[in-house]
Amino acid sequence: MNSKTRQVKNQDHFVAPYDAGVSFDELPDSAPSSRYKPSPTGWIGMAIVGFWVTIAITGPFIAPYGENDLPFPDAYSEFQLPQPGAWLGTDVSDRDILSRLMYGAGRTIGISFAATILAYMIGVVLGIGAAISGPKVDMVLSRINDAFLSLPTIMLGLVVVAALGSSIPLLICTAGVIYATVIFRLARALGQEIMVMDFVEAAKVRGEGRWWIITREIWPNAAMPLMTDFGLRLIYVILFISSLSFLGLGVQPPQADWGSMVRENLGALQYGVSIIPVIAPALSIATLTVAINLVVDDVSAHSGGKLSKRL
Amino acid sequence: MVILILKRLGIGLVTVLAVSLIIFLGTKILPGDAAQIRLGQEATEANVAAFRARLGLDKSYPEQYVYWLADFVRGDMGTSLASDVPITKLIAERYENTVVVASLTAIIGVPISLALGILAAMFPGTLYDRVLTLISVSLVAAPEFFTATLLVLLFVFALNVGNAVVVGSIEGKGIVELILHFALPITTLCFVIASQLIRMSRAAVLNVMSSPYIEMAILKGVPRKRIILRHALLNAIGPIVNVVALNLAYLVTGVIVVEVYFGYPGLATLIVQGVQTRDYILIQGLGMIFCLTYVVLMLIADIAAFVSNPRLRHPK
Numbered sequence: 001m002n003s004k005t006r007q008v009k010n011q012d013h014f015v016a017p018y019d020a021g022v023s024f025d026e027l028p029d030s031a032p033s034s035r036y037k038p039s040p041t042g043w044i045g046m047a048i049v050g051f052w053v054t055i056a057i058t059g060p061f062i063a064p065y066g067e068n069d070l071p072f073p074d075a076y077s078e079f080q081l082p083q084p085g086a087w088l089g090t091d092v093s094d095r096d097i098l099s100r101l102m103y104g105a106g107r108t109i110g111i112s113f114a115a116t117i118l119a120y121m122i123g124v125v126l127g128i129g130a131a132i133s134g135p136k137v138d139m140v141l142s143r144i145n146d147a148f149l150s151l152p153t154i155m156l157g158l159v160v161v162a163a164l165g166s167s168i169p170l171l172i173c174t175a176g177v178i179y180a181t182v183i184f185r186l187a188r189a190l191g192q193e194i195m196v197m198d199f200v201e202a203a204k205v206r207g208e209g210r211w212w213i214i215t216r217e218i219w220p221n222a223a224m225p226l227m228t229d230f231g232l233r234l235i236y237v238i239l240f241i242s243s244l245s246f247l248g249l250g251v252q253p254p255q256a257d258w259g260s261m262v263r264e265n266l267g268a269l270q271y272g273v274s275i276i277p278v279i280a281p282a283l284s285i286a287t288l289t290v291a292i293n294l295v296v297d298d299v300s301a302h303s304g305g306k307l308s309k310r311l
Numbered sequence: 312m313v314i315l316i317l318k319r320l321g322i323g324l325v326t327v328l329a330v331s332l333i334i335f336l337g338t339k340i341l342p343g344d345a346a347q348i349r350l351g352q353e354a355t356e357a358n359v360a361a362f363r364a365r366l367g368l369d370k371s372y373p374e375q376y377v378y379w380l381a382d383f384v385r386g387d388m389g390t391s392l393a394s395d396v397p398i399t400k401l402i403a404e405r406y407e408n409t410v411v412v413a414s415l416t417a418i419i420g421v422p423i424s425l426a427l428g429i430l431a432a433m434f435p436g437t438l439y440d441r442v443l444t445l446i447s448v449s450l451v452a453a454p455e456f457f458t459a460t461l462l463v464l465l466f467v468f469a470l471n472v473g474n475a476v477v478v479g480s481i482e483g484k485g486i487v488e489l490i491l492h493f494a495l496p497i498t499t500l501c502f503v504i505a506s507q508l509i510r511m512s513r514a515a516v517l518n519v520m521s522s523p524y525i526e527m528a529i530l531k532g533v534p535r536k537r538i539i540l541r542h543a544l545l546n547a548i549g550p551i552v553n554v555v556a557l558n559l560a561y562l563v564t565g566v567i568v569v570e571v572y573f574g575y576p577g578l579a580t581l582i583v584q585g586v587q588t589r590d591y592i593l594i595q596g597l598g599m600i601f602c603l604t605y606v607v608l609m610l611i612a613d614i615a616a617f618v619s620n621p622r623l624r625h626p627k
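Top to bottom, those sequences are chains A and B.
The numbering of the first sequence is the working numbering, which starts it at 1 and goes up by one.
The numbering of the second sequence is the working numbering, which starts it at 312 and goes up by one.
Isolated chain B, as found in the complex (with noise of 0.2 Å):
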């Protein structure tokens, strides 16, 4: 088993190694070179030529491109053309921010909507079971910001509480501030989140509970509740943190849109401002960075789901 997951792990590796190349090629289609962009239409050839020289665009591409790697890896990732400030900087100030909203995000989601999907998985058919999977089979096909603005419209219009635009920093703020502060970007992601967790979470239970061991089970006459707490939950585990890990790589692309909506001060809004600004060399640092998380996140899920499935681990 160690064997297949150092495989996988190489494989994650190969696929980490392709991302870069992937974003690599993709800032170099761009018309105009860095030293270009940087300095602007008016300077002359010679000053070009010097400032290429510096950040090493006169190298051929494949030189170019392991310079860089080597960078990325020991944690330096240039210069951003829009304003001169290090990439790693301008990082530094917005992490924070994100993996809060994203952690919080996960820590409330993640256990409310496992719940509501064993639930609903307990007693299939139900009212409640119908309700549910009506509303996540709704959600799922929403738009982030449909449901942000919901939300808006929910708390700030109709409650009076939070604020529809969060902006500056947390410090100095009393824990109801805080609250308020985040309570609707984290609700919106826990929405986007909750919506397939719940689907999924009720569909991995529902496939355990199919197996002829609970059929067994129930012919023994052992209590519903035993059944699903002892005998089904326990085999789902694998599935559902295969499910949980996809889900919160699927946050990934949910916290750009929400950061967005709500104006927060995270590396989702720093990557569109850089994208604004074709400032390429933010756009690849935080690119790599997106796509690691998301990456690995996914890595997480594969290895649960063989670590889980015997069958997967001993192929035929």
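The following block holds chain A by itself, in its conformation from the complex (with noise of 0.2 Å):
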């Protein structure tokens, strides 16, 4: 981030003592509060965040096994219980789901937080471009936008694969395009709500160039909103791939994932063998989307109006 946006958020302002009965933070036109302070429901997100984080960085090298091994190579039988050796049971190939687990926990985060990102890079260049450039442009690349957006996006995400099939990269590339259309907008709408500010209408006054405008003056100012923003793509994201993946659409068999797994052991449940197979994977992506969906939440509790009902 940039040098300007340091400054506001280090700014000394008044804090009311712990317990005095009205905070002056709370008034509405007071400074942002210079340090965030999580909530207990924020720590707990940031603490199961924090977990898969961990356990997606360093799956692969902790886990017990390799992700298509078999921990019981002399006794195959598809569905095992959980047992020593296995702590979470075996699925429908006899695989370790704990191992399985661990290694899908990379690949489900990764390929969605490169997809938020690049969501991200083509949204805010776009949109920003969008609302500095002319009507003109403006039009057409809003246009454009408005039809993607006007898609259900599995639709689009089945689209895709079925042209060009399904490999990582081309997921990253399509979750990316998907998602980068709803980040247009938001960036759009607040490239046009700083462009009419006066520190901006000075500085094209001062004469400064397009450039100047655009990375000292709109982008600090978006960056914040923008931030907080990206929490919640990133859930949608996490939520899209898992659905594609569920759909044998996505990442593909034997390398492991969330969602793919939630499909491969559809028939533990259907037989009515054991649940372990199929929660553990389903479990896995709804305790990370809900607790980055408490984190955001907590965030923008904080840092004023709540970002996710202005959308």
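Bear in mind the hints are in silico, worked out from the structure with no lab data behind them.
Don't be surprised by glycine CBs; every beta carbon is placed ideally from N, CA and C.
Incorrect hints may have been included.
According to the in silico footprint, chain B covers these stretches of chain A (three or more CB under 8 Å from chain B) [claimed, not checked]:
| no. | stretch |
| --- | --- |
| 1 | 230-244 |
| 2 | 267-279 |
| 3 | 282-296 |
Quick list of the computed label-pair ranges, beta carbon to beta carbon [claimed, not checked]:
| no. | chain 1 | residue 1 | chain 2 | residue 2 | range |
| --- | --- | --- | --- | --- | --- |
| 4 | B | 441 | A | 51 | 23 to 29 Å |
| 5 | A | 272 | B | 404 | 28 to 34 Å |
| 6 | A | 272 | B | 489 | 19 to 25 Å |
| 7 | A | 198 | B | 314 | 23 to 29 Å |
| 8 | B | 426 | A | 227 | 33 to 39 Å |
| 9 | A | 43 | B | 535 | 32 to 38 Å |
| 10 | B | 318 | A | 197 | 27 to 33 Å |
| 11 | B | 411 | A | 51 | 39 to 45 Å |
| 12 | B | 365 | A | 51 | 45 to 51 Å |
| 13 | B | 380 | A | 252 | 29 to 35 Å |
| 14 | B | 319 | A | 215 | 34 to 40 Å |
Dock chain to chain to rebuild the complex, using the hints, since each chain is given by itself in its own frame.
Okay, here's the thing in structure tokens:
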């Protein structure tokens, strides 16, 4: 981030004593408080997210088995129950579920994170570009964007996968382009809002170039709301990638991924053998996304207007 | 206002055209064309060329697009590449199944979630409100197959009712069997739309509740119940219709995962099959149907929004 935002963030201002009846921080027009203090739910959310990120990074190194290794090569049998040596039991091909979860964490989180970053790069550049360019460029970009926005995301994903097949780089690009549409809208709205503010007008009158205005005036002011939105988008991308994998169109076997693990092991549920092969990956996705949601809600409640409501 | 609605319809039409273009081009970037896929690798050059001419693939892209669109409007979606059956026939067999599930979900899910959301808005900050908010916040972020698994766990494993796999047709089944047949997919879909609906309807009513005329009513001493039901709710109807239409549009996405999860023979499982077999004529047809439904629902949401909000009707 740029020095300007840091300056604003570290600004000293009055902080009410801890047990004072009314805190000046709560007054609507007070400066934003400098330090973010998470609420208990915020802490819980951060702990869970932290846990999964750690697993995602270290998973392949600490997993008891390789992702396609059989823990009991001598006694092959699908859907074995949890036991020493395979703490969550085995899956449809008798592979260790715990190890696959750990490998899958990196893939699910990594792909989603990369796709969200890509979506931001495309969305922010085009969105702010549309806001500062003339009305014609803005019109064209916005219309194309609206056409994409008016499609159900999963349907777009299906068409792309049908046309080009499924690979991890392609998944990242697909999700990145699809979700760039939402971010385009947000970045454009923010850009337009900031464009008419006095300090931008002042910079224009000063004769600053377009590049200066984008990097020094607009970006520092658009960065914070965009950052808060990042978490929210990440949730949708994780759900999108997992749904595609669940449909058998995302990460391809034998590579482990939480969504495809649910699909592979659905049989366990249908034959009533065991619930762990299905509930373990599904619960992993749910805890991760719900935890991110808790953090986002907490941060946006702290930073004043609930961003998620504005959108 | 009529002009504004017509204008919005016009935008909708343009969107539909854009959507059809995206779907058409999306299936054109496929390596190898329909004739090649249909006839397989062994086909001779001449055979492929002849078949290509029959499908009209020897024409230029713009021409192909126009013919394809015209056929679609006339209700002819071509022939499946995988099974040689007309797409319309494939769809007709499954269409009813999906419509039944989607409409039952709407009939059951929408009123219940609206009631829950409005109740939460009537008593903001109470235990009921907070518990409901927590549940809906969690469910919004959870994937559909997680909700489905929890329900299977509860109903099939713990209570021993319903079945984890829904197969076969609905014909020749008694009323109890029918309820069990649909219970799980519909409950899952209800949860999917409920989480959004509860949050958004609560926000819509609370939004109205913070307006000055409600404050006036409170100061006049109007009882709380009357304020909500006579003053606030009437003005929240527009936003709520908007919210309902938006959520039914989300249902289009939710139904794909849920149908596959329960092995339900509907349109969504058909399109997933189409993608797996690269039957792109099927994908084109079904993709158009799903997107059209989505666009129409979004359009209804838009129109509801500005019929109810005079400020949108008279822009500055």
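Violations among the numbered hints, reported as their numbers in ascending order: Hint check: 7 and 12 fail, others pass.
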